[in-house]
Amino acid sequence: MRDVILLIKIKLKMLLNGIRFASGGKWIKVTILSLIGASFTWGLYVLFYRILVYLKGVPLLGPFLIVRLISMIFLVFFVMLVFSNIITAFSTIYFSSDLNLLLLTPLSFRSVFIFKFFETMFYSNWMVLFFLLPVLAAYANINSALFTFYLWIFVALFPYFVICTSIGILLSVVLMRLFPSKKTRDIFLVLGIVLGASTYLLVRFLQPEKLVNPDVMMGVMQYLVTVKTPMTKFAPSFWITQSIVSMVKYNLGRSFFYLGILSVSAFLISLVTVLIAQKIYYTGWAGAQEGGKKKKPKVYNSKHRIKESRFPFRFSGPMRALLAKDIKTFFRETSQWSQLLLLGTLIIVYLYNIYKLPLPYFYLKSIISFLNIGVAGFVLASVALRFVFPAVSLEKDNFWIIRASPISVKKFLWEKFWISLIPLLLLAGCLIVFSNILLEVDRFFMILSCATVAILTVGLTALGTGMGAIFPRFNVENIAQIESSMGGMFYMVFSLFYVAVILVLEALPVRMYFFYKLSGKAFFNIKILVILGLIFLVVNVAVVFIPMVLGIRKIKNLEI
Amino acid sequence: MLQIINLTKTFGSLKAIDNLNLDIPEGEIFGFLGPNGAGKTTTIKIMCGLLKPTEGKVLIDGYDIQKEPEKAKQIIGLIPDHPFIYPKLTGREFLRFIGSLYRIPLKEQEEKIPELFNMFELNQWSDDLIESYSHGMQQKLVMSGVLLHNPKVIFLDEPMVGLDPKSARLVKEIFFNLSKRGVTIFMSTHTLEIAEKMCHRIGIIQTGKVIALGSKETLQENISPDKNLEDIFLELTGGTEYAELLKYL
Ligand SMILES: Nc1ncnc2c1ncn2[C@@H]1O[C@H](COP(=O)(O)OP(=O)(O)OP(=O)(O)O)[C@@H](O)[C@H]1O
Ligand SMILES: [Mg+2]
Chain A
1 MRDVILLIKI KLKMLLNGIR FASGGKWIKV TILSLIGASF TWGLYVLFYR ILVYLKGVPL
61 LGPFLIVRLI SMIFLVFFVM LVFSNIITAF STIYFSSDLN LLLLTPLSFR SVFIFKFFET
121 MFYSNWMVLF FLLPVLAAYA NINSALFTFY LWIFVALFPY FVICTSIGIL LSVVLMRLFP
181 SKKTRDIFLV LGIVLGASTY LLVRFLQPEK LVNPDVMMGV MQYLVTVKTP MTKFAPSFWI
241 TQSIVSMVKY NLGRSFFYLG ILSVSAFLIS LVTVLIAQKI YYTGWAGAQE GGKKKKPKVY
301 NSKHRIKESR FPFRFSGPMR ALLAKDIKTF FRETSQWSQL LLLGTLIIVY LYNIYKLPLP
361 YFYLKSIISF LNIGVAGFVL ASVALRFVFP AVSLEKDNFW IIRASPISVK KFLWEKFWIS
421 LIPLLLLAGC LIVFSNILLE VDRFFMILSC ATVAILTVGL TALGTGMGAI FPRFNVENIA
481 QIESSMGGMF YMVFSLFYVA VILVLEALPV RMYFFYKLSG KAFFNIKILV ILGLIFLVVN
541 VAVVFIPMVL GIRKIKNLEI
Chain B
1001 MLQIINLTKT FGSLKAIDNL NLDIPEGEIF GFLGPNGAGK TTTIKIMCGL LKPTEGKVLI
1061 DGYDIQKEPE KAKQIIGLIP DHPFIYPKLT GREFLRFIGS LYRIPLKEQE EKIPELFNMF
1121 ELNQWSDDLI ESYSHGMQQK LVMSGVLLHN PKVIFLDEPM VGLDPKSARL VKEIFFNLSK
1181 RGVTIFMSTH TLEIAEKMCH RIGIIQTGKV IALGSKETLQ ENISPDKNLE DIFLELTGGT
1241 EYAELLKYL
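Heads up: the protein sequence lines correspond to chains A and B, in order. Residues in the first sequence are numbered from 1 upward in steps of one, following my numbering. Residues in the second sequence are numbered from 1001 upward in steps of one, following my numbering.
Hints should not be assumed to be uniformly reliable.
Said to hold, decoys possible - Pairs of lysine-lysine residues, derived as BS3-like cross-links and limited to a Cα-Cα distance of at most 30 Å, are as follows:
| no. | chain 1 | residue 1 | chain 2 | residue 2 |
| --- | --- | --- | --- | --- |
| 1 | A | Lys182 | A | Lys396 |
| 2 | A | Lys556 | B | Lys1209 |
| 3 | A | Lys328 | B | Lys1067 |
| 4 | A | Lys328 | B | Lys1057 |
| 5 | B | Lys1197 | B | Lys1172 |
| 6 | A | Lys411 | B | Lys1052 |
| 7 | A | Lys396 | B | Lys1088 |
| 8 | A | Lys11 | A | Lys26 |
| 9 | A | Lys26 | B | Lys1172 |
| 10 | A | Lys183 | A | Lys26 |
| 11 | A | Lys410 | B | Lys1197 |
| 12 | A | Lys29 | A | Lys556 |
| 13 | B | Lys1107 | B | Lys1152 |
| 14 | A | Lys554 | B | Lys1057 |
| 15 | B | Lys1172 | A | Lys554 |
| 16 | B | Lys1057 | B | Lys1067 |
Please keep in mind that the hints were generated in silico from the structure rather than gathered at the bench.
Based on the sequences and whatever the hints tell you, model everything.
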């Protein structure tokens, strides 16, 4: 145990050093993120408080419904936490780079494992705390609970988290023992994304907005009352609900009883996890270091190769080589292509939302069609943040090959531009054409929005490529760190601003068109149109070329 | 062929290279020696355009690496000390990539790539992803890439680390032959035996300054005729002082 404490101490020291030596930019980022986080938490609290107030007002059933709701929340989080712990455990317990060092030292596997247990628990549960705390605070508030209740929440959550982490880690350890390969992690990553995406789709298709409607709300409540969940008595989510709910009612005996059950189970299951892991952890870890490659040695033989010469575009030899390399790398990296699944979900939800919009009048429909351009721009900007912005940073350790080769920096960066632009244009086209069909816009509007979105796509791609080059991050472990970097934030701010400017520039001409449609009289002011057109041109040229030129200059001066 | 003129490079307040001057003729194998942190890797990186010089310039076949980088880079090949290569490409794809990057005609690529795989005994692995290669195999692949595009100047940063004796011998012979055909080779190494056997001239660098320069024989003549290169190296770089300390280990 002394070893574990030592390891945790070192980890904390690293964390503190990260804070102590943080740059100014990092502080800004942290501040912005905390502000966003705080407002999110506040919003959640307000929302939940309202729901609870409403439920409390329901005659007879009110208190019962509230308990049901809280128990369901804990149940849903239980499933989610177990899954997120499985995935986190793969990275912390099997693929973390410090393991090579730790397992070399005379520390026992058990100590390393227990340390990794806490690390996993921290990483996969702290986010959930941000969801649960406002919810429970609202619950406490509505029952005007004492301050000690908040302490109780933490006391009860700890064994709850321990149980989730133990189950997650246990599953990952067993899985890794059965299928000791890097592939296992990849498969679970994809599974996780699919699970997350389908949950999201499901929630969306259930149309939670209908809950605002009292009739539907009543139906849901009847359902809640009638639904029987026999197994829940043996689930940790039930115990923690009982413990917390009893605490609010000052039913101390019952509260302590369930806390006891929770703690004892937490202790037992974590003990079992450690005991089992002690036996099989090492074998799984050793297996995880292998790529699982030798079974099919010639997977990538000439037949399966993407032939560079087949590209339909007239790019020069080096440009084609770069394109082929980027495409292959993308589709062979699970963490990369699997994101396409999320993208697919995003498109479905987007179109579904539009499909569900009530659009009675021409006027409202027109406004929404116009705003739809902005929404599409926002979606494209986020997609570009994920796929375009990291392009340069992803060259990482391999950048020397290109930098030492005779290909010019300019060509290199424009290659990155083209390779992002083409798929992004396809995506943009899909989004805008289908959503416009759903919105039943007229010909003029279809052309206007398609053209605008195409231009926006070009601008956003250049902005993403260029700013990705201006703010490269080579020393990162995963792509998420590139997105959430200072540069990524700047990119997001700039691109949203750009989309807004374009919309504003188009607002006036569009208004003129609507007036014309409604009144039959032409209000076209040629002078204003010409001025707006010129500004439009200048803005777009600037957005395409300034970031690209600055990016090229930055890479030229980059020292690697 | 290769000229380093008044080269200075500072990292913050640290002078990694201090007014370095070298002139290396065509076909020479030049050995660059020096203790850890002397500035060898930094020099090589500047010559390949991976770092910018603080002052001075580097000319490769007359082309300034900063002013005409594309022309200069077309004729150089680099084998760095940590040869990171795209883990998600196969060996063959990597060589095709390099071939196209340096505009080697497809036909020539198709002839040369199998030859290179044969020579470095990578045949068995040529269609495997590079992520499954060993360190030495990756290094041999990078060397194949360099040989594929026929450079006039080759930079090697500690090339023998990680190679098995057979491959090391092969590599030595390859570079020997290349130099006979007029290829200039600039090599940093810690293996004094290699420097002794292979290099026409040797430069010893310490804290960014050249402290000795010449063929092995001239070095011996000028410094201490009866000593071998290792002794000379240690004498120049101050390694002998540690003899006392070593007693306590
Ligand atoms: N990117 C950098 N930033 C700051 N200092 C650096 C950087 N790269 C190198 N240095 C410093 O420059 C000096 C020379 O380093 P260099 O890597 O050239 O040494 P070397 O001769 O290759 O050593 P070795 O034999 O260990 O490979 C060292 O003091 C090193 O700390
Ligand atoms: Mg070095």
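Evaluation of the provided hints:
| no. | hint | in the structure |
| --- | --- | --- |
| 1 | A:Lys182 / A:Lys396 | holds (21 Å) |
| 2 | A:Lys556 / B:Lys1209 | holds (27 Å) |
| 3 | A:Lys328 / B:Lys1067 | violated (33 Å) |
| 4 | A:Lys328 / B:Lys1057 | violated (38 Å) |
| 5 | B:Lys1197 / B:Lys1172 | holds (10 Å) |
| 6 | A:Lys411 / B:Lys1052 | holds (20 Å) |
| 7 | A:Lys396 / B:Lys1088 | holds (13 Å) |
| 8 | A:Lys11 / A:Lys26 | holds (20 Å) |
| 9 | A:Lys26 / B:Lys1172 | violated (49 Å) |
| 10 | A:Lys183 / A:Lys26 | violated (35 Å) |
| 11 | A:Lys410 / B:Lys1197 | violated (43 Å) |
| 12 | A:Lys29 / A:Lys556 | holds (27 Å) |
| 13 | B:Lys1107 / B:Lys1152 | holds (21 Å) |
| 14 | A:Lys554 / B:Lys1057 | holds (20 Å) |
| 15 | B:Lys1172 / A:Lys554 | violated (38 Å) |
| 16 | B:Lys1057 / B:Lys1067 | holds (10 Å) |
The structure fails to meet hints 3, 4, 9, 10, 11, 15 from the earlier list, while all remaining hints are met.
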